[in-house]
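S.K.: Each chain, letter by letter, is given below.
Protein chains: 2
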Amino acid sequence: MTNNTISVTETVITPQAMLEHWQGHRRLTRRTIEAFPEDKLFGYSVGGMRSFSELITEITDIASNGILGIVTGKWKRVEELDHYGPTAAPATKAAILEHWDEITADIDTLWPQIPAERFQEVDKAFGRYEGIISDLLLYFIDNEIHHRGQGYVYLRTLGIEPPAFWNRD
Amino acid sequence: MTNNTISVTETVITPQAMLEHWQGHRRLTRRTIEAFPEDKLFGYSVGGMRSFSELITEITDIASNGILGIVTGKWKRVEELDHYGPTAAPATKAAILEHWDEITADIDTLWPQIPAERFQEVDKAFGRYEGIISDLLLYFIDNEIHHRGQGYVYLRTLGIEPPAFWNRD
Numbered sequence: 716m717t718n719n720t721i722s723v724t725e726t727v728i729t730p731q732a733m734l735e736h737w738q739g740h741r742r743l744t745r746r747t748i749e750a751f752p753e754d755k756l757f758g759y760s761v762g763g764m765r766s767f768s769e770l771i772t773e774i775t776d777i778a779s780n781g782i783l784g785i786v787t788g789k790w791k792r793v794e795e796l797d798h799y800g801p802t803a804a805p806a807t808k809a810a811i812l813e814h815w816d817e818i819t820a821d822i823d824t825l826w827p828q829i830p831a832e833r834f835q836e837v838d839k840a841f842g843r844y845e846g847i848i849s850d851l852l853l854y855f856i857d858n859e860i861h862h863r864g865q866g867y868v869y870l871r872t873l874g875i876e877p878p879a880f881w882n883r884d
Numbered sequence: 716m717t718n719n720t721i722s723v724t725e726t727v728i729t730p731q732a733m734l735e736h737w738q739g740h741r742r743l744t745r746r747t748i749e750a751f752p753e754d755k756l757f758g759y760s761v762g763g764m765r766s767f768s769e770l771i772t773e774i775t776d777i778a779s780n781g782i783l784g785i786v787t788g789k790w791k792r793v794e795e796l797d798h799y800g801p802t803a804a805p806a807t808k809a810a811i812l813e814h815w816d817e818i819t820a821d822i823d824t825l826w827p828q829i830p831a832e833r834f835q836e837v838d839k840a841f842g843r844y845e846g847i848i849s850d851l852l853l854y855f856i857d858n859e860i861h862h863r864g865q866g867y868v869y870l871r872t873l874g875i876e877p878p879a880f881w882n883r884d
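Note that the protein sequences, when read in sequence, are chains A and B. Under our numbering, the residues of the first sequence are numbered 716 to 884, in order. Under our numbering, the residues of the second sequence are numbered 716 to 884, in order.
It is possible that some hints are incorrect.
[Claimed, not checked] Pairwise CB distance ranges (calculated): (1) B:P827 / A:R883: 26 to 32 Å; (2) B:R765 / A:E735: 28 to 34 Å; (3) A:G874 / B:R843: 26 to 32 Å; (4) B:A806 / A:R765: 30 to 36 Å; (5) A:L783 / B:E735: 23 to 29 Å.
[As the list claims (entries may be wrong)] Counterexamples of contact, computed for chain B against chain A with all Cβ distances above 10 Å: (6) P730; (7) E749; (8) G758; (9) V761; (10) G762; (11) L783; (12) W790; (13) E795; (14) D797; (15) A806; (16) A809; (17) D816; (18) D838; (19) L852; (20) D857; (21) L870.
The set of hints was computed from the structure by calculation and includes no laboratory data. Glycine included, every Cβ here is placed at the ideal spot set by N, Cα and C.
Please construct the entire structure, taking both the sequences and the accompanying hints into account.
M.R.: See the structure below:
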């Protein structure tokens, strides 16, 4: 074994498994968006928090610009992201879902272009968040889970059953 | 390169990074428990959901029995977990935090006993959830993030600022 190989037993997650993990969560988030009545996506929240559409804008911002940053090494600055400035976010549920699906396709297209050693490289996401790429990626996914869980509470207060958490199909 | 080695470039997350990822999230969840006033941990929820202490019982159940199952291959059945039956969960905030810290220590002690190839083995967590160990582990962590995010909403409705999501120290 040379220095640039390790035993397979040191691997917890492969790139392919990580892509599937992310897209599985994104399928669940898509179903959560679908579960919201159109008006409640935009004009409703709990505890003075952002509406679910605003949380989704943060998630789509991070996903679409995050995959680009990972592949190219070039990052939009935090201040340039939609959810920090005057938002150009989609204004209807259908448009949000369409945008969502574009990002899903982009991620599938761009992922194989990530040089495998890239996952262990240190980079500074959005000009601010420094870490190795695999940790940044987990952060993107964790942030989505976190905000989607909040959407579940919004749905519960509306008397709507959220999608099954365990289902990632 | 032989069949039982792969290039380091195929690794996204190492066992050590996965442990740190989990414990970082557990530190954040601990701070979220601490942020709740004692009475609101037990008697309060939003949208007819479970109280945060009940969500925490689910999380501690999964963590404490999950690490044992991963290490030993022996799993409590779902029906035997505290949060499914008459709960023996701690009844005060101090006792919850003490139990939390015991599990933190247990995970640190048991983790190095996981045979490295174990992460790719198929098992059936709690007698019900089948998958490779690394996916089961991610599921445990994702479930914690999901419910903790719901606790953030509870805190917001109480006018309490939740801990910073990005801080895993």
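S.K.: Each of the hints needs a verdict: does it hold here or not?
M.R.: For each hint, the structure was consulted:
Remark: the range hint 26 to 32 Å for B:P827 to A:R883 is upheld by a beta-carbon distance near 30 Å. B:R765 and A:E735 have their C-beta atoms about 30 Å apart, which keeps the hinted 28 to 34 Å range intact. Here the CB-CB span from A:G874 to B:R843 is close to 29 Å, well matched to the stated 26 to 32 Å. Judged by the Cβ atoms, the range 30 to 36 Å given for B:A806 and A:R765 holds: they are separated by roughly 35 Å.
Between A:L783 and B:E735 the beta carbons are some 27 Å apart, a value that agrees with the proposed interval 23 to 29 Å. At the 10 Å boundary, the C-beta of B:P730 falls inside the reach of chain A, the nearest C-beta of that chain being 6 Å off. No beta-carbon of chain A is positioned within 10 Å of the beta-carbon of B:E749; the least distance is around 18 Å. Annotated as non-interface, B:G758 keeps its C-beta farther than 10 Å from every C-beta of chain A; the closest such distance is 17 Å.
Non-interface call for B:V761 relative to chain A: violated, since the shortest CB-CB distance, roughly 6 Å, does not exceed 10 Å. Listed as a non-interface residue, B:G762 fails to keep its Cβ farther than 10 Å from every Cβ of chain A; the least gap is roughly 3 Å. Consistency note on B:L783: stated as away from chain A, and its beta-carbon is indeed over 10 Å from all of that chain's, at 19 Å minimum. With a cut of 10 Å on Cβ distances, B:W790 stays outside the contact zone with chain A, its closest approach being about 16 Å.
Look at B:E795: its CB is around 19 Å from the nearest CB on chain A, clear of 10 Å, so calling it non-interface holds up. Once the 10 Å rule is applied to beta carbons, B:D797 is consistent with being away from chain A; the minimum gap is 19 Å. Non-interface call for B:A806 relative to chain A: holds, since the shortest CB-CB distance, roughly 25 Å, exceeds 10 Å. The claim that B:A809 is not at the interface with chain A holds, since no C-beta of that chain comes within 10 Å of its own (minimum 26 Å).
Even its closest Cβ contact with chain A, about 23 Å, leaves B:D816 beyond 10 Å, as expected for a residue assigned away from the interface. With a least beta-carbon separation of about 15 Å from chain A, B:D838 lies farther than 10 Å from that chain, consistent with its non-interface assignment. A beta-carbon of chain A comes within 10 Å of the beta-carbon of B:L852; the shortest separation is about 8 Å. Its beta-carbon lying about 5 Å from the closest one in chain A, B:D857 breaks the requirement of being farther than 10 Å from that chain.
Not every Cβ of chain A is farther than 10 Å from the Cβ of B:L870; the closest lies at roughly 8 Å, contradicting the non-interface assignment.
Hint check: violations occur at hints 6, 9, 10, 19, 20, 21; the rest are consistent with the structure.
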